[in-house]
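Undergrad: Taken in sequence, the protein lines are chains A and B.
Anchor point for the first sequence: position 237 equals 236 in numbering that gives the first Met the number 0, and the numbering is continuous, going up by one each time.
Anchor point for the second sequence: position 14 equals 13 in numbering that gives the first Met the number 0, and the numbering is continuous, going up by one each time.
Keep in mind the hints are simulated off the structure, nothing from the lab.
Since we're looking at a predicted model, the values are computed, not measured.
Among these hints, one or two may not hold up.
Unchecked claim - To give an idea of the chain B side of the interface with chain A (calculated C-beta under 8 Å), a few residues:
(1) 91
(2) 94
(3) 95
(4) 125
(5) 158
(6) 181
(7) 183
(8) 220
(9) 221
(10) 363
Yeah, the Cβ is synthetic: ideal placement off N, Cα and C, and Gly gets one too.
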Amino acid sequence: MPVIGYLGPETPERTASRLTAFREGLAEAGYVDGRNVAIISRWADGQYAKLPALARELVANNVTLLVAPGGAEVALAAKSAAGNIPIVFELGGDPVALGLVSSLARPGGTMTGVTSLSVEVSRKRLEFMSELLPTAKLFVVAANPTSPTVNSQLKNLDAAAVALGLELRVVNASRSDEFEGIFTTARSIGAGGVVFTSDPYFAYRSARLAELATRHAVPAITQALDFPVAGGLMSYGGDFRQSHRHTGIYTGRILKGEKPADLPVQRVTKVEFFINLKAAQALGLTVPPSLLSSADVVIE
Amino acid sequence: MASDAPKPPRKLLFAKYFVAMFAAVVVPLLVAGASEAWLGYRDQRARLSELLSLEARLAAAEIQNFLEGISAQLTWMVHLPWSSGADERRRLDGLRLLRQVPSIMSLRLIDGGGKERLFVSRIGLNRVESGEDFASDPSVVGAAGQRVWLGPVTFQGGSEPFMTVAVAGNRSAVGTAVAEVNLKFIWEVISAIRVGRTGEAYVLDRPGRLVAHPDISLVLRADESAVRPLQLLRAAAAAQAGQAIAGRDLDGQMVMAAMATIPMADWSVIAKQPLAEALGPIYGALWRTGILLVASAILAALLAYWLTQRMVGPIRLLEDGVARIGAGEFGHRIHLTTGDELERLAERLNDMAGELALSQERSERIGRLKRFLAPQVAELVDQAGDDRVLDGRRVEVVVVFCDLRGFTAFSARAAPEVIISALSAYYDALDRVIAAHGATLISFLGDGVMVLVNAPVACSDPALRAVTMACEMQAGVRQLLSEWRKAGHELGFGVGLAMGPATVGRIGSEGRFDYTAIGNVVNLAARLCASAKDGEILVDREAAHAVGTAVVLVEQEARALKGFDQRVPVFAVGASPSNAPA
Numbered sequence: 000m001p002v003i004g005y006l007g008p009e010t011p012e013r014t015a016s017r018l019t020a021f022r023e024g025l026a027e028a029g030y031v032d033g034r035n036v037a038i039i040s041r042w043a044d045g046q047y048a049k050l051p052a053l054a055r056e057l058v059a060n061n062v063t064l065l066v067a068p069g070g071a072e073v074a075l076a077a078k079s080a081a082g083n084i085p086i087v088f089e090l091g092g093d094p095v096a097l098g099l100v101s102s103l104a105r106p107g108g109t110m111t112g113v114t115s116l117s118v119e120v121s122r123k124r125l126e127f128m129s130e131l132l133p134t135a136k137l138f139v140v141a142a143n144p145t146s147p148t149v150n151s152q153l154k155n156l157d158a159a160a161v162a163l164g165l166e167l168r169v170v171n172a173s174r175s176d177e178f179e180g181i182f183t184t185a186r187s188i189g190a191g192g193v194v195f196t197s198d199p200y201f202a203y204r205s206a207r208l209a210e211l212a213t214r215h216a217v218p219a220i221t222q223a224l225d226f227p228v229a230g231g232l233m234s235y236g237g238d239f240r241q242s243h244r245h246t247g248i249y250t251g252r253i254l255k256g257e258k259p260a261d262l263p264v265q266r267v268t269k270v271e272f273f274i275n276l277k278a279a280q281a282l283g284l285t286v287p288p289s290l291l292s293s294a295d296v297v298i299e
Numbered sequence: 000m001a002s003d004a005p006k007p008p009r010k011l012l013f014a015k016y017f018v019a020m021f022a023a024v025v026v027p028l029l030v031a032g033a034s035e036a037w038l039g040y041r042d043q044r045a046r047l048s049e050l051l052s053l054e055a056r057l058a059a060a061e062i063q064n065f066l067e068g069i070s071a072q073l074t075w076m077v078h079l080p081w082s083s084g085a086d087e088r089r090r091l092d093g094l095r096l097l098r099q100v101p102s103i104m105s106l107r108l109i110d111g112g113g114k115e116r117l118f119v120s121r122i123g124l125n126r127v128e129s130g131e132d133f134a135s136d137p138s139v140v141g142a143a144g145q146r147v148w149l150g151p152v153t154f155q156g157g158s159e160p161f162m163t164v165a166v167a168g169n170r171s172a173v174g175t176a177v178a179e180v181n182l183k184f185i186w187e188v189i190s191a192i193r194v195g196r197t198g199e200a201y202v203l204d205r206p207g208r209l210v211a212h213p214d215i216s217l218v219l220r221a222d223e224s225a226v227r228p229l230q231l232l233r234a235a236a237a238a239q240a241g242q243a244i245a246g247r248d249l250d251g252q253m254v255m256a257a258m259a260t261i262p263m264a265d266w267s268v269i270a271k272q273p274l275a276e277a278l279g280p281i282y283g284a285l286w287r288t289g290i291l292l293v294a295s296a297i298l299a300a301l302l303a304y305w306l307t308q309r310m311v312g313p314i315r316l317l318e319d320g321v322a323r324i325g326a327g328e329f330g331h332r333i334h335l336t337t338g339d340e341l342e343r344l345a346e347r348l349n350d351m352a353g354e355l356a357l358s359q360e361r362s363e364r365i366g367r368l369k370r371f372l373a374p375q376v377a378e379l380v381d382q383a384g385d386d387r388v389l390d391g392r393r394v395e396v397v398v399v400f401c402d403l404r405g406f407t408a409f410s411a412r413a414a415p416e417v418i419i420s421a422l423s424a425y426y427d428a429l430d431r432v433i434a435a436h437g438a439t440l441i442s443f444l445g446d447g448v449m450v451l452v453n454a455p456v457a458c459s460d461p462a463l464r465a466v467t468m469a470c471e472m473q474a475g476v477r478q479l480l481s482e483w484r485k486a487g488h489e490l491g492f493g494v495g496l497a498m499g500p501a502t503v504g505r506i507g508s509e510g511r512f513d514y515t516a517i518g519n520v521v522n523l524a525a526r527l528c529a530s531a532k533d534g535e536i537l538v539d540r541e542a543a544h545a546v547g548t549a550v551v552l553v554e555q556e557a558r559a560l561k562g563f564d565q566r567v568p569v570f571a572v573g574a575s576p577s578n579a580p581a
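Okay, chain B solo, but in the shape it has when bound (with noise of 0.2 Å):
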């Protein structure tokens, strides 16, 4: 139980509490967090797909209008048919719709028959009916297929994005209207655009060239290949509609599009943000989570290491203090007022060591009484468990004594092996029945033994059991005096019993203890004894009449005892005095 290293059932206990507390805490936080995040990304990856989808759509709206407006703008250079001569009113028309359509550097109108009837331009020369030919121009001929032709984007000195549109008339005769249009307009439109804070928009035509960039500079690079990132990120879109999709962007970042299309001029509009800030609040939302995952478990650790110190202190105290009782200080406390289970451990431990205490000092009297009183009478004291049968005390007892008739000449005769041997076996017999009786062997004295029934243990029917203990010891006794004959000792036995109230307890000094009893009845018992001849059982009166007739008792002539005025009437057991042999 003492134990001198009590270190690791402190780190045991602690590794116990931190794993609970943190369990307790971080799991389902961890839980809450997780499942929080989940939906969260879901939740914004569904706005961001409705955010960037509306992006596009209404830059892909203002394109078209743009586009729309333009040519618009030409279905008026074409709703008169041409006279023969110079036409000065469409001239001026001509020069005016410049002047409003920044985005247009030259017009171009074509007749009815495919000549060219009128040029202005903001860089070149105007020139009027000049007559050349442009029935066959892809222009002329796609306006009078679809009314509204817009030709391939071109860029001219290989850098500056340019496209013609062309618009027939409603009537061949009308003719056509060519404009040259410079695509950089659509940057206004395209820079306007901010998705996010850093999410922007571009447009690609069909074949995948950039048309419209936020970075006028990659539209003027007119690389295609340069724009890879780009195109892939249209396919992507293109291939979930209405779906923001990820992909990369030209640097490699993440993010995320989504596609609109510009349906006059087939062309896509895809809206972009990148990822990381597309998915802040997400990351603001795990990095919260985080933030507060480490506060718990730190707060989860310093609550165990508290309530661990706690416990611990207490423990410990407990453990040393059931160390020291063990090694028996039992006059030693354990203090505790922790006010829980505890301190009422501690209190039972209190209280278990003052019985520890006071049953040592029981065993310890008891311990130091059977090494002074007759062994059998501790033994009696120690089945009490208590000493205090031994107190004095007057009761009402048995005294019953016996000796051997012819010792003295026996023990003069005979070797003194014999004699311890002889006694030896004579006091087994008589231990025996002593014992099977309950009764109190009191003393011996060579050959003479003093027996009490009723004390110090009291038993029902005293007299009658001493009497029955006293035939026992004759029988017992008997088969030893035969032996004894046969090795020519003459011995005989003789018993006498006495009943009446005596003083009961222990006499003695401080070295030497014996239980004894004291009174007219021992000298009774004794006179009775002597007065018994070989075989005989001489009971008193009193003994006699407590029997009753459990006993056959036959009253004898009541004979002058030494030490008693009258003669004392004399009680014998069963047996007649011829019995008893000579």
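Just chain A, with the same shape it has in the complex (with noise of 0.2 Å):
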């Protein structure tokens, strides 16, 4: 039976509807754990230095392929440990400039998998939450200075802020603790809104963000649903559930016996917008017609 080596940046709890998705996409390949497939998980619970280690354990385990989903730390981590065994990565942003691959139609290596567009609309973020503040000037970008697509979506962000005549100011944070100093940041300084940069560790804390942009009345916009869901204003970002399913269909397909070097690397093709109108009232916003046309998903 082939073995699975599952590479988790967090836990369990935090990925569950991530890996369900997962799950679904290698049934849809024709393998269900337990039956003609075993899978072996490792979780870094959020130390993402503990990546390499814990992929380098999996490859001990003798697997036949290392998942990598939740980002580019995890995909690079699962790079450095793996050497000939194939890796189905998911991530946000350009794996081309990651250096995973080489490029999308043909990825060449050992190395295939899904990226979502979630890096690339880090823009439409800061666009959004203009659109929703159409008289603040001052925009806090929340970037987590670790994450290896940080740079790309800094720059991003600031040729928008130049296209919306925005100014932005970078908050760093790498660590849960560092959260809260985003947004007494962002009232200290006077800013209209936080714009999350697409970043899985902020993706998985979105409860907590939620929370936070809550008790300190702060508008924010992150990549994931998971934050307007647990109360937060909009979200921005790729159908991780989309991208997280056809991660299992490659997986799949690589155990039944396709190399990863022919398998091109999937973009997902559904961004979706989230706004929680009880989020925006309590902040005592009123949403324009332009954004409430534009959600997918308009919570009330």
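From these two lone chains plus the hints, build me the complex, please.
TA: Following this line, the structure appears as structure tokens:
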């Protein structure tokens, strides 16, 4: 029976919905855990520095392939440990720029996977905030300096800020105890709101961020729908259920014998926009019709 | 006839039966199976043609709908002329359009002057009234010419298939709507298509790039040369419009394929099904026929074997029986209870053996008789085929006696070789005559001979026959007599014959049988012979009466004969005593 090494950056609880999507995809390709495939998991519990060691542990277990979902850090950690073992990644951002594959159409090496559009659409989050708060000219950008994609996102955001005539203040946070500082900074400098860069560390802690945003009464937008669902204001990002399902499908295809080199990297087709009207009301904000008509889901 | 090695024929019979049964059973089945397979193949091919064409047409219609849906949505964006200022309502419409049509990644509205008035995107920043000049953009130029313009398929990042759709309003003032469409959404249409169990459909654009395929990674690879087999399939299908054609798939597998076109984009939808699966029912039928053939062949062989065994057993029994009967075991009987012709044949052979036994018994008996009877009588019995002619009975016979006169003196004088040679010639002469008249030579006794007429073989007019015979005897012997006289031997020849009832039959002991006649007539004939002079033929009254006037008979003076109380009337054939030599 083939063995999948699943490298989880967080905990099973935080990634439950993503795991479900992955298993759906795997089942679509004909594999069910315990029946014709075994899954060994290692969880970093948010400590991404542990990822390479965990990846090595999985490799030592003679896994058939590695699944590295949840961001560039995970994919890179898997790459450092895997050797010739195939890797299926799931991330936001450009895997070519990250040096994971040689091209989307022909990955070429031992890696392939799915990329969501979350990283690319960071600027759209700034646009939505600006649209919601047309008078605000200053926004806080929350960034995780340890993220491999942070620089490209900040560059992207800077360009967008210029186009929109806005000013940005970058607040770094790579640990959850730094989260509070993001919101206090926003308040202290009188920023219109907080725009979160796409980062799995933030995404997995949406509930905590929502709670802080509500407590500090700061409008904020993240990549993950978990944020507005947990009471945050808005989210805009790639459909992680779709990306994780595709990851499962690709995992199955590689188990069946296809080579990662021949499997093009897939990009999700769906970018979702969530608005929590209750949160907007609590913040005393009126959501303009342009945002309402763009929203895929409006939480009332 | 007797064969000690009966093996080869058994094989031969088996081969004959087997070939006959095999041909009788298998050939019609083969013909039926082959024709069924051929007709089935033709029907299946036609059905498949229809099915594949239908699936291709349905998919083409759905993709056409997809594209028409987009262009219809875009048409809504260009139905009002532009005002000079920013158009908030149009922006909202644009955002709504993105939400409603997931495949549109971005929308750009160009006014009648070719200036960009609105740009909304899922990825990039929205722009309002940028005023950028798009007048010479191919999409704007193309839409102005055809109202709805579809750009070429492009692969973003060298991988994701996109296409630009531009729609111009019905008046130039309303401008043009240009949308960037993610073609991966066609995947849903294409992957929903299933022809049979594993058949599928794919879409090629006009230059032959793969636009949609159930395996999306083939599309994302954007490798035109890798999909060469798919292009060849399309070329073959296009050459035979409405017909399914056979060709090779990407993995070299044989498939049946049919094509339909999407007129709006000039793309082709090709529906295909693996040949092995498409012709599955035919293979099924062929398998069934094959199994039936094998089963029938086995059955035919078994039947042939059984029948042959049923034949060979009795035939060998018959063969053996015939060999034994042929070898003389006439008592052997062949026991067959097959109830058919073979049993009848056995019965015939048994009958034959019985008859052979009878016939052998008879011939043995005759053989035995021949050993003990006088050869002449034995021969007679042989001719009659039965020795019952020799059984004792009482019949009217003519008894003829003849002997040489002066033989005793001759035999005393002459040398033995002369005597034997003389007798030999004498008997030869008599024998010929006796045989010619169908009379029976009963005995030789020195020079005396007894001949019987009308027994054991009956004949007509025995008296006349006997008299004629006697005359010929006389004539034959006379010739001899003259020769002997020249040699100095004085010999004569006399004949006496009498007619009357006598007891005839076989007499004798186990060692020696004789056929003879007993009765007065014999004595009379013997006495008449003894009384006859040389050259004389004496006939008794009975015979003379029987002869009547057929031969000239001269009644002589009644003579006193030894053993007869009264004188016996005597007749002499034609000649007077004076004719006789002294």
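Undergrad: So which hints don't hold here, by number, going up?
TA: Violated: hint 10 alone.
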